[in-house]
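According to this note's numbering, the residues represented by the sequence shown are 0 to 367, in order.
Note that these hints are calculated values from the structure, not bench results. Hints are supplied without guarantee of correctness; some may be wrong.
Simulated crosslink set (DSBU-like; lysine-lysine; CA at most 35 angstroms straight-line) [unchecked claim]:
| no. | residue 1 | residue 2 |
| --- | --- | --- |
| 1 | Lys-134 | Lys-192 |
| 2 | Lys-110 | Lys-192 |
| 3 | Lys-110 | Lys-134 |
| 4 | Lys-139 | Lys-108 |
| 5 | Lys-108 | Lys-147 |
| 6 | Lys-110 | Lys-139 |
| 7 | Lys-134 | Lys-108 |
| 8 | Lys-110 | Lys-147 |
| 9 | Lys-147 | Lys-134 |
| 10 | Lys-192 | Lys-147 |
| 11 | Lys-192 | Lys-139 |
| 12 | Lys-192 | Lys-108 |
Estimated spans, in silico, between C-beta atoms of each pair [as the list claims (entries may be wrong)]:
| no. | residue 1 | residue 2 | range |
| --- | --- | --- | --- |
| 13 | Ser-37 | Lys-139 | 18 to 26 angstroms |
| 14 | Leu-86 | Thr-329 | 15 to 23 angstroms |
| 15 | Ser-128 | Asn-216 | 13 to 21 angstroms |
| 16 | Gln-135 | Tyr-218 | 18 to 26 angstroms |
| 17 | Thr-329 | Lys-108 | 26 to 34 angstroms |
Just so you know, even glycine gets a beta-carbon here, dropped at the ideal spot from N, CA and C.
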Amino acid sequence: MKSVLLLAAAGGATAGLLLNSVDNVVTYWGQNSYGQGSGELAQQRLATYCADADIDVIPMAFLYQITTGIGGQPVVNFANQQNNCTLYSGTGLLNCPEIAGDIITCQSKYKKTILLSVGGATYTEGGFSSPDVAKQAAEKMWATFGPKQDESTLRPFGPAVIDGFDLDFETTMNNAAPFANRLRELMDQDTTKQYFLTAAPQCPYPDLADNEMLDGNTYFDAIFIQFYNNYCGVNSFVPGSAEQTNFNFKTWDTWARTVSANPDVKILLGVPANIGAAGTGYLPVSSLGPIIAYCKQFPSFAGVMMWDASQAYASIGFVTGVKEALLSTTSIPTSSLTNATAPLGTYKATPRTRMRRAGRIGQRQFIY
């Protein structure tokens, strides 16, 4: 087996998230979901994956408490990669200088886009009691993870500044749109760098957890749709068929162009990176190729998202194979796509399969 570290070292610099490209690869990091407590298949440092030239964007998963943490501070969890973090006194907030250094390395040396993913399946706060409370929470998040504003704010990543936020809410959120919109405003006000706001809905349309934001209320740059654990996942794709009955990328493309607050929002095809990464929906790269070729015909398509880095690196060749499929010129002729705008229906999502894999003893293991 080729060493994970050797695979990473072979990479070079890329340009991060490119919204006008169809070959973006987004790989979540932070939860060690493959479940190895040690060894090369255990989740490695963030910078290890940033060194991989086939990966463009890494959302760090997760920030799972926004307002209810000890001392009113947000709470993050990065499984085995928080071992070198310490707690700020009187809070549940981690201070992670090693991860901070890796964020800076990822951005400056490897030119990766580093997002902070908020939510996950263990997020249970249910949102915010009012729009004003939601906006205040967004301002707290920005001060904690955005540009440094003062010496009094506790910052897990010190001088490091993330490139934006990924909103992955698994249950219905109250006042989600005011929260997201305030984050958008704060990012847009800082003209020193480009920030991104993304979301990770499930594939049934509309996504019940995120619909308040997705129903034309929030300006997202991209969404990473989870095409797994549901009837509309990639495993429902029918090869050779221009009209897909269950696989509903066309429906989401219609949403992008006719409902989204940003008519140029980009969609990434979310897939499990290994057979154990999700309840259903894993496909080998050879089967993903035709699906990627099909999705390329839609103007909103911008690449592939995968869960997660530890799973992907345990599935040798998966990341490279996906990147090669994205770069391939093979595609389905546009003329074969009938009814370019799909009707927007109403569906009910299948309850998410919540998988637990053995993590490091004593650490809280999160589910995606």
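Taking the hints in turn, this is what the structure says about them:
Of the pairs offered as hints, the one joining Lys-134 and Lys-192 holds, with about 22 angstroms between alpha carbons and a cut-off of 35 angstroms not exceeded. For the hint linking Lys-110 to Lys-192, the alpha-carbon distance of about 13 angstroms falls within 35 angstroms, and the restraint holds. Among the hinted pairs, Lys-110 with Lys-134 is consistent with the structure: their alpha-carbon atoms are about 31 angstroms apart, no more than 35 angstroms. Under the criterion of a C-alpha separation no larger than 35 angstroms, the hint pairing Lys-139 with Lys-108 is consistent with the structure, at around 29 angstroms.
The suggested pairing of Lys-108 with Lys-147 holds, with an alpha-carbon distance near 21 angstroms, which does not exceed 35 angstroms. Only pairs whose Cα atoms come within 35 angstroms are accepted, and Lys-110 paired with Lys-139 is accepted, the gap being roughly 27 angstroms. Simply put, Lys-134 and Lys-108 have alpha-carbon atoms about 34 angstroms apart, close enough for the 35 angstroms limit, and the pair holds. At most 35 angstroms may separate the alpha-carbon atoms for a hinted pair to count; Lys-110 and Lys-147 meet this at roughly 21 angstroms.
The suggested pairing of Lys-147 with Lys-134 holds, with an alpha-carbon distance near 19 angstroms, which does not exceed 35 angstroms. For the proposed pair Lys-192 and Lys-147, the alpha carbon gap of about 14 angstroms is at most 35 angstroms, so the pair holds. This hinted pair checks out: Lys-192 and Lys-139 have alpha carbons roughly 20 angstroms apart, not beyond 35 angstroms. Pair hint Lys-192 plus Lys-108 holds up; C-alpha atoms about 16 angstroms apart against a cutoff of 35 angstroms.
Taking the beta carbon of each, Ser-37 and Lys-139 are about 36 angstroms apart, not inside 18 to 26 angstroms as hinted. Roughly 50 angstroms separates the CB atoms of Leu-86 and Thr-329, a value that falls outside the hinted 15 to 23 angstroms. At roughly 18 angstroms, the beta carbons of Ser-128 and Asn-216 sit within the given window of 13 to 21 angstroms. For Gln-135 and Tyr-218, the Cβ-Cβ distance of about 20 angstroms falls inside the hinted range of 18 to 26 angstroms, so the restraint holds.
The hint said 26 to 34 angstroms for the Cβ distance between Thr-329 and Lys-108, and at roughly 33 angstroms that hint holds.
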